[in-house]
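J.: Protein chains in written order, with our numbering: chain A, 1 to 341; chain B, 1001 to 1279.
Since the hints were derived computationally from the structure, they do not count as laboratory data.
As the structure is a computational prediction, the values presented were derived from the model and not from experiment.
Do not take every clue at face value.
Examples of chain B residues toward chain A, derived with CB under 8 Å [what the hints assert, rightly or not]:
{"id": "1", "residue": "Leu1125"}
{"id": "2", "residue": "His1127"}
{"id": "3", "residue": "Gly1130"}
{"id": "4", "residue": "Gly1132"}
{"id": "5", "residue": "Ala1133"}
{"id": "6", "residue": "Leu1137"}
{"id": "7", "residue": "Ala1138"}
{"id": "8", "residue": "Arg1141"}
{"id": "9", "residue": "Glu1164"}
{"id": "10", "residue": "Phe1168"}
Straight line, CA to CA, 27 Å or less: simulated BS3-like cross-link-like pairs of lysine-lysine [stated by the list, open to error]:
{"id": "11", "chain 1": "B", "residue 1": "Lys1140", "chain 2": "A", "residue 2": "Lys76"}
{"id": "12", "chain 1": "B", "residue 1": "Lys1140", "chain 2": "A", "residue 2": "Lys51"}
{"id": "13", "chain 1": "A", "residue 1": "Lys159", "chain 2": "A", "residue 2": "Lys195"}
{"id": "14", "chain 1": "A", "residue 1": "Lys304", "chain 2": "A", "residue 2": "Lys315"}
{"id": "15", "chain 1": "A", "residue 1": "Lys103", "chain 2": "B", "residue 2": "Lys1099"}
{"id": "16", "chain 1": "A", "residue 1": "Lys44", "chain 2": "B", "residue 2": "Lys1027"}
The beta carbon of each residue, even a glycine, is placed where N, CA and C say it ideally should be.
Next come the chains, spelled out residue by residue.
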Amino acid sequence: MSTMQPPQVRAMRDTLLLSLYQAMLQDDDIFFVTADFGSPVLDKIRADCPKRFINVGIAEQNLINVSAGLALEGFKVFAYAIAPFITMRCYEQIRVNLALLSKVRSINVNLIGVGAGYSYVVSGPTHQCYEDLTVIRALPNMRIFSPADQVVAASLPAKCLASNGPKYLRLDAQVLPVLYGAAAPDFDLGFYEHKQGEKVCLLATGYMVHTALKVADKLAASGVSVGVIDLFDLCSFSEDQLQSMLASYQGVVTMEEGFRGRGGMDAMMFDYIARRGMDIRMLNIGVEGEYHFELGERNVLHEKVGIGVAAVTEKVGRFMRALPELKSDLLMSTKKLTVKL
Amino acid sequence: MNANQLDVAVDEQLSNKARWVWEETLKLHRRAQETRVASSLSPIEIFVVLYYGGFLRQDPRNPRWDGRDRCIISKGHGSLCMYPILADLGYFPMDELEKVCQEGSFLGGIPDPVIPGYETINGSLGHGAGVGAGMALALKRRGTDQTVYVVTGDGELHEGANWEAFMFAAQHRLDNLVVIVDNNQICMLGPTDEIVSHSDLAKKFQAFGWGVRGVSDGHSVVALSEALLECQRDESGKPQAIIANTRKGNRVPGLENAPLSHVTAIKLDLIDQLLGEGQ
Chain A
1 MSTMQPPQVR AMRDTLLLSL YQAMLQDDDI FFVTADFGSP VLDKIRADCP KRFINVGIAE
61 QNLINVSAGL ALEGFKVFAY AIAPFITMRC YEQIRVNLAL LSKVRSINVN LIGVGAGYSY
121 VVSGPTHQCY EDLTVIRALP NMRIFSPADQ VVAASLPAKC LASNGPKYLR LDAQVLPVLY
181 GAAAPDFDLG FYEHKQGEKV CLLATGYMVH TALKVADKLA ASGVSVGVID LFDLCSFSED
241 QLQSMLASYQ GVVTMEEGFR GRGGMDAMMF DYIARRGMDI RMLNIGVEGE YHFELGERNV
301 LHEKVGIGVA AVTEKVGRFM RALPELKSDL LMSTKKLTVK L
Chain B
1001 MNANQLDVAV DEQLSNKARW VWEETLKLHR RAQETRVASS LSPIEIFVVL YYGGFLRQDP
1061 RNPRWDGRDR CIISKGHGSL CMYPILADLG YFPMDELEKV CQEGSFLGGI PDPVIPGYET
1121 INGSLGHGAG VGAGMALALK RRGTDQTVYV VTGDGELHEG ANWEAFMFAA QHRLDNLVVI
1181 VDNNQICMLG PTDEIVSHSD LAKKFQAFGW GVRGVSDGHS VVALSEALLE CQRDESGKPQ
1241 AIIANTRKGN RVPGLENAPL SHVTAIKLDL IDQLLGEGQ
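Using the sequences and the hints, build the whole thing.
T.: Next up, the structure:
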C-alpha cells in the first residue's frame, strides 16, 4: 500500500480520466476514443492531446473497430462510452476484434463503461446495466476491473497501460463515498479486505461494496460479525490469497449489481469454489432476473430487486441461520437479528 | 507501379499470374470441397494486382514489417485464392497448400491471422472497413505514407458497421485508406439487388464523402491497375473506393454468376476438366 492525501470527492470516471490525462501528457502512444460521451475532464484531453482524441460519434461498433485498428498499429487505446452500449451494442466487434484478435495479435484496448448497474437511476433499463459482467466474462482474453471507489478508478490507467490485452473497466456513474482515502489497495491481489468476520464473508464488487459495508454495520449492531471483501479485479485476482482469506469462513455471499444467476460474478465464484474444491457455502445476491421500468432512488430500486441494504441483510441473516454449523451457537444472535431487522 | 509500366508485358505478366492463381484455387477446392470457391474466384485479379502489381509494399519474409502497406481481406471466406498468392510470394512454403483444411494446417476454410500475411480476423463480415480506418488513422498520426487497402464484398456491405466506418474515414480525411469492393453482386441466397439492393453503390460512397472509381471489368488487371494508380494520384484528401464489377464463380461453367453459387462445390471431374484445359 502507498499512503495518499485524502482525495477530492469525484465521480470514478473523472478520477480515472484525470489519471489518464496525466499519462497521455507523458506518453504519445496513448489514444482516447469516445462514442460521443463526455466528461469535463475530457475537455483537457481534447485540448492538450488533440491528435490523440477522437470522437467517433454515436457508433459503438465503429468505436471498437477503430480502437482495434489503432491498437494494431501500436497505440494503447482507451475507448469510452456508456456501459451497456460499449459492451452490448458492439458485442460482436469486441468478440472478434478484441477477444479473438488478441489471441494472435498484441493489442492494448481498454473499454471504459460508465453506468454500472442502476447508476443511471432515472434513465431506465436501456441505460442501466445488469448484463455486462455476464457477457464480457464469457469472452476469453478479456479482463474486467470493477472499482468501488474513485481511488481504485484513478489507479486503473496505470494498471491498464502496464499490460497488453483487452480490458473492460466497469465504472459507476454516480459520485460514491471514498473507500480508500488513506491508502490505495494492493492491485496485485485484485481484492481488498475491509472487514474480518466470523462465519460469513460478503464478497462484493463495485457499488455493492458500499452496500456490503452497510450490511456488515447493521449486522454488527446485532452482534453478528461478517467479513467484507471488495473484489475489483474479476478475472485475475490472486486465487490463492483469496482462498486463504475465505478459509476461515463457513459461508461466502457474492454481491453484484447485475442479474443474479445469469453468469456474472456469482457464476465466476461457483467456478472458482468448485475448481479449487473449497468447503464453503455460497449465497448469491444480484438483481432478481427481470427488467424494471419503475423510477425511484437507487436504494429504493435496489430494495425492489433484492439488492438493497435491508434485503441483503435479511437474506444474509437467513443464509447464516441455514448454515449447519451455526444452528446452535448462533441461535441467540439470529433471534436478536430477527427482532432488530 | 506507375503509368508507364502499364504496358503489354505487365498486362500479360499479371494476367498469367491471375490465370495461375485461378488454377491453384481450383486445386485447393479439389482438396477441400467445403471451401467457398465461387466467392474466391471473383476477387483473384484484385489480389493479383495488389500483391504482384507493385501496389502493396510488403516483405513476405517479415510479414509484420513496419514499413508494409496493410491489406485487410475483409471478405475472408472469399479469399481462398490468397493462399497460393501468399505461398508463391514466400509468406509460407508452397507445400502448405497441400494441407488446406487438414488437421494441423493453418490454412482453414476461412482464413485467420494465424496465416502469415493476414492482418485481422476475417470470418465475420463487416469488420474490415472499421479496423482499416483505425489503422489508417494510426498511420497518419505516425506520419507515414503507408496505405491501408480493404477488400470487401458487395454483400458484406449490408453490414451497417461498414457505413459507420465510411462516415468516419471521410470525416478524418483518411486518404490513405482504399476500399476495393469485389462487386460480384451475388449474396448467399441470390442477387444482391433482389435481397437488399445497394442501388447505385458509387453514389452512396460519393454521398458519404469518398472518392469513387468504378471498374466495369474487375477481371481486367489493366483496369484495376489504372484505378489503383488513380487512387495514388488523388489529391482530394478523401478516402478512396474502387467498385470492381466481377463475376462470382468466374469462368467455371454452371457456377459463374449462378445465384446460389455461394456454397456450391465444383464437382471433381469438372475441376479436372477445367485444369486440363488450362494446362
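J.: Enumerate the violated hints, using their earlier numbering and listing them in ascending order.
T.: Per hint list: 1 and 16 violated.
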